[in-house]
Each structure stands twice: as structure tokens, then as C-alpha cells.
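*Asks:* Given these sequences and hints, build the entire structure.
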Amino acid sequence: MLKPERLKKGDKVAIVSLSGGMIGEEMFIHKFEIAKKRLEEEYGLEVVAMPNALKGIDYLYQHPKARAQDLMEAFKNSEIKAVFNAIGGDDTIRLLPYIDFDVLRKNPKIFTGFSDTTTNHFMMYKAGIVSYYGLSVMNNIAEYVSINEYTKNAMEKTLFEPQDTLEIRCSDFCSYEKDKIWWKEENVNQPTPRFSNTGYEVIQGKGKVTGALLGGCIDVFPQLTGTSLWPALDEWKNKILLIETSEVDMPEMVLCWLLRNLYAQGILAVIKGIIVGKPVSEEKLESYKEVYKQVVGFEANLPDLPILYNVNVGHAYPIGVFPLGLQYEIDCDNKTLTLVESATV
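Sequential numbering of the sequence shown, starting at 0, is according to numbering that gives the first Met the number 0.
These are calculated hints, taken from the structure and not from any lab test.
DSSO-like mimics (lysine-lysine), calculated; alpha carbons at most 27 Å apart, straight line:
1) 7 <-> 151
2) 292 <-> 205
3) 2 <-> 207
4) 151 <-> 8
5) 283 <-> 334
Listed next, with one range per pair, are the computed distances between beta-carbon atoms:
6) 227 <-> 155: 32 to 40 Å
7) 195 <-> 232: 37 to 45 Å
8) 99 <-> 198: 37 to 45 Å
9) 90 <-> 234: 21 to 29 Å
Glycine included, each C-beta is placed from N, C-alpha and C at the ideal position.
*Replies:* Given below as C-alpha cells:
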């Protein structure tokens, strides 16, 4: 996997809208302005919005090709060093016919986002490029008041000042979907409320396992399976599977079905371990654990497959930045997660 170069002061970065077009709407454009000002003033970057990024919900829904063109042009442009996706949504798969994987492969650069952006991350994986799960513009870079210290630290130690090894510690604070501050200009001075976090949990497994990280928002997986983006079974071998769930608050039975599909594909039998993002609903913390025990431990008969739970990835606040395609170590006995190589070069 090709690693992009780290970010430095003076670098030009692009903002794209590859799924939902919320950031271009009048009621949300302040989020773009917050992110642009923050990246420029705090990090010394030059921020540009790609031509279609701010055209709004209706236009971008009607023109998936325009969204894809923004991505392709951002990667073709040698002056642009990173591409930040604005927000998730539900139809990024519609960009697939317009993606030139040779362009991506020949121009590796930082790409971030999560949720429906899972589809774009699988595009990057197919192109052989490391990408960075997390850090969407509207959710994270434009967080009201300031970027929280957990996300800020993760961003800096992966994209700006990569470490040879990076222990990814669990945040000591958290909040859930019910606690969110709604995106309105009158709320820009309201910080996200914080509560004590419960720490990493090992649902099953022992000892240490190491593997390259692959995955994303499990809600998106059904749109990917059967397409050219979904990796063949041999590509899943020895990987660590990343799973997180969206703000839709997935019923336990649906999570069970999706995990059963991974079992039926043979994926659960060939991977080294699973890291699971903190659910957005506090009520799901315990019930989701039981689903993993049922499907992975009992139905798939893999009770020793390590599963690290309550990881700060995806939709629950706060989140980190997780390079995909790189090597991680899960230490079940000490409940630690470590990126064992530098995130960027």
C-alpha cells in the first residue's frame, strides 16, 4: 500500500462532497467557513473547495458524476496534498462508474472521511493507497468551539507528525447521538457535552495479533458486496476488520444479519481480529456485545478471534483517525491498540 506524504504548512488541501451535499446549503455553509478558517489559521494550510463541493443537496444528488469529477481532479492536481470529504450520506456507490483507479494509484495523497465515505476508502484500497478513516469536515474539522483534544491529537500524529509506532488510547470522555449539538449558527459557541467513557473492552480472544486494517461502516457493506470494490476472500486473509455503526441506530437483528453475511463469505474465518467502534446509542453498548458473541463466538465457532470493543472510531464522539491498509496490533491481555508503523511519510 502506498503511503501519502504528511501535511506541512503551506500545503494546499481540497474539500469535496462525495456523498451528501449538506455543506453547500445556506444553513450549513458556516461549517465550511469554520473548517476553512481553522485549517488555515491553526495549521497553515491553503484550503480550496472543489468546483462542485458547495452546490448543495439537490444538485449533488442529481449529478454523481460531478462529485466523482471533483475527486478525480483533486487527485490529478499535484498542488493538492490532501482531500477532506465534507460529510457522509447514503449513495457514494453511485460514483463508481466514474472513478479512474489509475489516477488514484499514480497520485497518492491523504484522503479522509467516514460513514458513507467507507465506499471511497474501498476505492482507495483497490487503488493500493493508504486512506484515513475519520475526520470529516462537518463533523470533526468544523466542530463547534474547537476540535476536541482527542481528535486533534489523532489528526496531528497521523497526518502532520507521524510516529514510528502510535498507541491508540481510548478516550476518557464520550457522548452519544442524543447529546449532539445541532448544526445551527446560533449554536457555534456550544461545546459538545462530555461524559465518562468506559474504556476498551475485549469481547473475546487473548494474546496479541497483528494485521493490516480494512473495513469501515458496516451499514455500507451491503452496497459494496458483489461490486468490484469488495475485496476477494484472499485479500481479507490476515487482516484486522474494522466495524462501526452509523447514527441510524441499527437494530441488533440487522447487525446480526450483517455479521452472518461476513461469516458466510468466509471472511471471519481468515481475519486476525476485529475492532469495533463505540455505538452512537448508549443503550446499544451491552446488546451489541452479545450479538458479536453470538455470531462470531458461537455461530461461526470462532471464540478465540480477538474482538476489541468500544473503540473511538466512526460516529460516536470523539473519534480518532485510523489509517487503512497499515499494520495494527491488538493486545487482548493489556487491552491496547497500536498502529505499528508511521501513518504517512
